[in-house]
Amino acid sequence: MQVSFSPDEIVAIAKPSMIKGSTADSIRGIAGLSAAAAGDLSFLGNNKYRLQVRESRASLVLLPVDYVGEPSVGQMFLWVENPSTVLSLICGRIEQLLWPKPAPGIHPSAVIAKSARIATSATIGPLCVIEDGVTIGERCHLQAQVFVGRGASLGEDCWLQPGSIVAAECSLHDRVRLHPGVVVGSDGFGYDFVRGRHEKVPQVGCVEIGSDVEIGANSTLDRARFSRTVIGDGTKIDNLVQIGHNVVIGKHCLLCAQVGISGSATIEDFVVLGGQAGVGGHITIGKGAKVAGQAGVTFDADPGSFLKGNPALSFQLEQRINVLKQRLPGLFDRVKSIEEQLVGLKKSSARDEVG
Amino acid sequence: MQVSFSPDEIVAIAKPSMIKGSTADSIRGIAGLSAAAAGDLSFLGNNKYRLQVRESRASLVLLPVDYVGEPSVGQMFLWVENPSTVLSLICGRIEQLLWPKPAPGIHPSAVIAKSARIATSATIGPLCVIEDGVTIGERCHLQAQVFVGRGASLGEDCWLQPGSIVAAECSLHDRVRLHPGVVVGSDGFGYDFVRGRHEKVPQVGCVEIGSDVEIGANSTLDRARFSRTVIGDGTKIDNLVQIGHNVVIGKHCLLCAQVGISGSATIEDFVVLGGQAGVGGHITIGKGAKVAGQAGVTFDADPGSFLKGNPALSFQLEQRINVLKQRLPGLFDRVKSIEEQLVGLKKSSARDEVG
Amino acid sequence: MQVSFSPDEIVAIAKPSMIKGSTADSIRGIAGLSAAAAGDLSFLGNNKYRLQVRESRASLVLLPVDYVGEPSVGQMFLWVENPSTVLSLICGRIEQLLWPKPAPGIHPSAVIAKSARIATSATIGPLCVIEDGVTIGERCHLQAQVFVGRGASLGEDCWLQPGSIVAAECSLHDRVRLHPGVVVGSDGFGYDFVRGRHEKVPQVGCVEIGSDVEIGANSTLDRARFSRTVIGDGTKIDNLVQIGHNVVIGKHCLLCAQVGISGSATIEDFVVLGGQAGVGGHITIGKGAKVAGQAGVTFDADPGSFLKGNPALSFQLEQRINVLKQRLPGLFDRVKSIEEQLVGLKKSSARDEVG
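Taken in sequence, the protein lines are chains F, U and S.
Heads up, the first sequence is in this note's numbering, so the first residue is 6 and it goes up one at a time.
Heads up, the second sequence is in this note's numbering, so the first residue is 6 and it goes up one at a time.
Heads up, the third sequence is in this note's numbering, so the first residue is 6 and it goes up one at a time.
Hint data in this document are derived by calculation from the structure and do not stem from the laboratory.
Where hints are given, some of them may not hold.
What the hints assert, rightly or not - Calculated cross-link-like contacts (lysine-lysine; reagent style DSSO-like; alpha-carbon spacing at most 30 Å):
#: 1; chain 1: F; residue 1: Lys351; chain 2: S; residue 2: Lys256
#: 2; chain 1: F; residue 1: Lys205; chain 2: U; residue 2: Lys351
#: 3; chain 1: S; residue 1: Lys292; chain 2: U; residue 2: Lys351
Unchecked claim - Counterexamples of contact, computed for chain F against chain S with all Cβ distances above 12 Å:
#: 4; residue: Pro12
#: 5; residue: Ala29
#: 6; residue: Asp45
#: 7; residue: Val70
#: 8; residue: Tyr72
#: 9; residue: Arg98
#: 10; residue: Arg122
#: 11; residue: Gly160
#: 12; residue: Phe275
Bear in mind the structure is a predicted one, so any value in this text is a computation, not a measurement.
C-beta: ideal position from N, C-alpha, C; glycine also.
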């Protein structure tokens, strides 16, 4: 990182309840306690690292209020309510310094259709393409090489990173962040098998993305066959995720990397899907359900349930099966031994009968 | 959708065998029977929704010939042979209106090598790059920010959507549609381990894509080590699919999202691969075989087979195993109980012997 | 391929220990022994194809020194130490001819910030965007439509293919090759759940990529929360791979297509991860470990271990479980039969007791 803070600036952000020691270093980096060197800020975010504080060479350390200890010479300790939260505040400040929002305006290399309506406070970066009938709201930032197709609309304060694509007719509400290479509005995967060929079912719906949604790099969201594919407010989607046509995702969900959602599935609010999990078509994942990484969900999932495995079962059952699976070799041996004992018992029983 | 049809226009497309009722509304949307509102077209595509027709507020409803019922006031019913097929016809018309093919010509912002041969009926959109020796056939449409590398060739009527990439020497036949972010012709993943390092095996083959192929957003197709990676006519590939080097895919296959095919695998005609399925290197999936989602195929699959699981087994065996897996806890209990009973029987048998 | 070699040129590259026969054909293609036609070069790389040499119609065949046989009329045989290695040499030559390195310079359509420092021997292709404070080393080649963000740096001889993206502050050492659509430096996926919403944890670290690293098409590498996500020297990453924030990957690893590595995982040197495998967060895969395709690793893996399955177990145990799994139907039958026999034995035992 190419920014630096004086200790005083950190104090101003952190608002510590207590300060001990002082440092002449300016803070130019952030590092874990054991990796930190002079010029670094560090923090005690997890009690298991408590003993590392004493050894840390960080110039400035954020500590929870119950920590007891003294800084070394040239080292500054700040006691705060929640070191992780303060760290996020500092990182937020760094973010603004590292990539400041550029001045409003349209880069001369961008190709903008005449009928596009672009707010004067928006920034359209180099080599973007904006087609006919597009609406771009206040303070939006299209960074570079972004494509916005015919009739699409962006609300306010959206940030479209380099190479992201919003295809025709799709809409983004406010404060949506698309990471590089995201595709919003590719065709759904729909064909009729007619006379030995797959005939395309036209996909003329759109994608509607709620406010405060973030979508990770190279993820793809298909437009609906008709009507809309929907992503609810506050939902966060990681990289390389696939959302099929007519999927409806609720509010405040988390979809980890490489998740795939088949067409017409419904994901209710506050659902969490682990990395590489797959969800079958036309099923519903109930509110607040959790799905473990790599799980394959092929039936409706109850609200609040926790699923794992493929086909996905309740987490507890799947865990038990996974333990027992490892004991299968022993089980086969036991059954074989039982069968041999039975033969013996039968012989002896037969002798008894005869005898 | 920003298009509308008069009821007469819908009648002209649908060619109904019977009409009842009439509506003054223009049709501005398509929706399922229960979600539809005034101004919407709806349809009965599946008999289980038959009872919803009576309650539907759609202005116009497409019905199968065996449906019996009357429209409400201001509502129009059209009886047709196949409501789904008629809907596809209407959606096809909408598609043309929503994203009409632009006029032929080369956008001034595109960067075109002098030696490229571009048909006069083709459309090259803004900020495309076309390198030396490229051939672009009649009526091709490179939408925006498309890259076509040195010596590549496109047949007729191809549609390359924004940000799609066709690397050097690769060829597309006719009516190929690439969705945004598709990469055709990245290097295959081949290395020799020499003196503690992975030395690159040069990848100098190409990718050849047949006619009527469609490739989903951000999918990647690797060029062959030498010779060709091949996608057969009429095959449809969904989003985020990976095709390794020297893979040969037959005609009219369906590859669902996030499928991965390892190098030198052969997929014969009419194969269907479910989402997130993986196919190992150098194996063959026989004609018409089906592979369930998330399956991992590591051996040759017979023509017409249906595989599931990882490692993939026959669908029926895998389903049976999945049922039995859930009964493993009970099985372990039963075996334990048997062992205890055996101890009892042995004791009693020993008593008998002694007695 | 659009290049050709005379037989003499091939001899000059191959440096054979023995030559038999001759051909008037120029070599315009490479093919397997059975597929080869006149004008093709072929090779015997694997002894199981030995019998195909006699039938091959290739104009020129590379053979290992222990092969015994005679060429047909108009056919040339070259005996060499390692036919595969010689083939790689020839393919490397083809590569240089097919896509020669372009002359240094900056294409007039590229958009370059004034503060960027670009080596005079570098080539910046059409429609690239280079932001403020970027450093581009000697002989780098940014092919077309590449994005390099604020403060990023490239060493020497890097090749960034069309549409690849290096986000702000990230650094590439020497001879790094990014395939089309690669995203280096997207935000890590980190949120705090506060008052019913996911609040973004700012991601202000970077990605640092060692020398001789190659990254496949549309793969995504997240920047660290703070500090660095690291890819070690000589590591090769295939297409559509996801690398989470703060991941540290060692030297000379191979990550096959569609692998996903969760945040803060450590992958030590010489690790091989099969296609579609997943690695959980905060775990360590020890040096030289191998992970089979589609495996899900959720615990630390010992150096040199070989893991398979989800949850991943030792390869041998997982293989044994997979065999036994298929025998589960039989096992359930056997246990049922045992239970029935026990009932019989108990009855007979009870009779004995009574009798």
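Results of checking the hints against the structure:
A distance of roughly 63 Å separates the Cα atoms of Lys351(F) and Lys256(S); the hinted pair therefore is violated under the 30 Å criterion. Of the pairs offered as hints, the one joining Lys205(F) and Lys351(U) is violated, with about 70 Å between alpha carbons and a cut-off of 30 Å exceeded. Between Lys292(S) and Lys351(U) the alpha-carbon distance is near 52 Å, which puts this suggested pair outside the 30 Å criterion. For Pro12(F), the non-interface assignment is confirmed: its Cβ lies about 18 Å from the closest Cβ of chain S, beyond the 12 Å cut-off.
Taking the minimum C-beta to C-beta distance to chain S, about 22 Å, the non-interface status of Ala29(F) holds against the 12 Å cut. The beta carbon of Asp45(F) sits about 9 Å from the closest Cβ of chain S, which is not more than 12 Å, so the claim that it is off the interface is violated. The Cβ of Val70(F) sits about 19 Å from the closest Cβ of chain S, beyond the 12 Å cut-off, so the non-interface label holds. No beta-carbon of chain S comes within 12 Å of the beta-carbon of Tyr72(F); the shortest separation is about 21 Å.
The Cβ of Arg98(F) sits about 8 Å from the closest Cβ of chain S, inside the 12 Å cut-off, so the non-interface label is violated. In this structure Arg122(F) is separated from chain S by more than 12 Å, as the shortest Cβ-Cβ distance comes to about 24 Å. With 12 Å as the threshold on Cβ separation, the claim that Gly160(F) sits away from chain S holds: the shortest Cβ distance comes to roughly 18 Å. A Cβ of chain S approaches the Cβ of Phe275(F) within 12 Å, the least distance being about 8 Å, so the stated non-interface status is violated.
Taken one by one, the earlier hints fail for this structure at numbers 1, 2, 3, 6, 9, 12, listed in ascending order.
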